[in-house]
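Number of protein chains: 2
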Amino acid sequence: MKLKVYVDRMSQPSRAILIFCKMNGIDFEEVQISIAKREHRSPEFKKMNPMGQVPAISDGEFTLFESHAILIHLACAFPGVADHWYPADLFRRAKINSVLDWHHSNLRRGAATYVQNTVLAPVLGIASNPQAAVEAEKLLSSSLSKIESIWLKGNGKFLLGGFEPSIADISLVCEIMQLELLDEKDRSRILGPHKKVLEWIENTKTATRPHFEEVHEVLYGLKTKFQEQRSTESNKQQD
Amino acid sequence: MKLKVYVDRMSQPSRAILIFCKMNGIDFEEVQISIAKREHRSPEFKKMNPMGQVPAISDGEFTLFESHAILIHLACAFPGVADHWYPADLFRRAKINSVLDWHHSNLRRGAATYVQNTVLAPVLGIASNPQAAVEAEKLLSSSLSKIESIWLKGNGKFLLGGFEPSIADISLVCEIMQLELLDEKDRSRILGPHKKVLEWIENTKTATRPHFEEVHEVLYGLKTKFQEQRSTESNKQQD
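Respectively, the protein sequence lines represent chains A and B. Quick note on the UniProt record's numbering: the first sequence kicks off at 1 and runs consecutively. Quick note on the UniProt record's numbering: the second sequence kicks off at 1 and runs consecutively.
Hints in this document: simulated from the structure, not taken from any laboratory. All clues stand as given, with none of them false.
Lysine-lysine pairs mimicking DSSO-like chemistry, simulated, CA-CA at most 30 Å apart: (1) B/K138 to A/K47; (2) B/K146 to A/K37; (3) B/K223 to B/K195; (4) B/K196 to A/K47; (5) A/K195 to B/K46; (6) A/K4 to B/K146; (7) B/K46 to A/K138; (8) A/K195 to B/K47.
Same shape as in the complex, but just chain A (with noise of 0.2 Å):
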């Protein structure tokens, strides 16, 4: 039975799942959930994901969820997965396990509470909490300047000094990614002091065309439409 993947490419864990599976050539059937529809709560959904989010994995009666998990299990149990993404050697998987876990509760949680209490609040008809965008945006600044400082220190062009992409770089790179977003004003104050950053951005990227670029499509076209709607309603207030 086929490998299907659960997902909606507005969410940044989705996309990573896509690009790793496209990059590693395995064969998949991308099954869309819309999040903004509520399909992710929907009876049907649940019975093969009781905890209603994407995305999900089902392989034959196998289902699984948590987009590290789901990127493991695919880098170890897939044949034809360089040994790069999800290294056999023990030390260098528990370095990378310990990016993935301090990844939740820093650069994911500032990220997604930024974004969520700025740009996507109104588009998603819910309050945005002015007080959590200020405090998300000091922990996403702080996780950027211990990814350079900590995790990108050396001459390698990816995390752990690595010269080749890893599972992390995926996951974490696609949380960057959903700033994009923003405002340019607020994009810049908040990526543009971290060069090596910007840099490793580009890196992942490069190592991961033309898969990156494709999965990120919609991120791009919502980037688009928030744009013309900025320009449109500053427009107005110069009218």
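Knowing the structure of chain A, use the given hints to seat chain B on it.
Chain B in isolation, oriented as in the chain A frame:
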């Protein structure tokens, strides 16, 4: 060179690592890093762990932080760890990884934020945020419900229907144990409705004795201190 485990027994993931090492006869040296004395932020400790957090381990030149990454590494790299802690079977392992990943943004976030913004803030001399406590309680309660309905389903005594504990059982139960510090009324309101969770905590304590209780002695000591303080305050109010 002997494994060094850097911990503060007041930290729930530190306790999880200690219980795991003791249960599996791993030869290690426990190095106390007092969070209250800010030893985790000392330049000396940060040379070993630049994130400045406990728990962490060092094994010769190799260093590692993030408790889940540490538990996984110890289970894989040290001989004699029974398979049930972190099964070699890729599918069972993937499910455990899924629980551990979920834990970060759900049970851990809910429990730690709630305890910090109720009983710990006054002790740590930081301002408590009542709104954060309200939201954390919601997340904590919904996390406990999900543990019951999703992972404690079936006849097993442990998560994922297991008949023996895994590293996920230790990690999650240690997290819940910090609720011991709460006022009895608050603790009962939060934990009381979750009979299966209460049973599972007892099963985990039994399966890991005598180490579980020994490692939690510091927590029980603080619990008694808090109870005495509450009792004194209550008597004063009645005078």
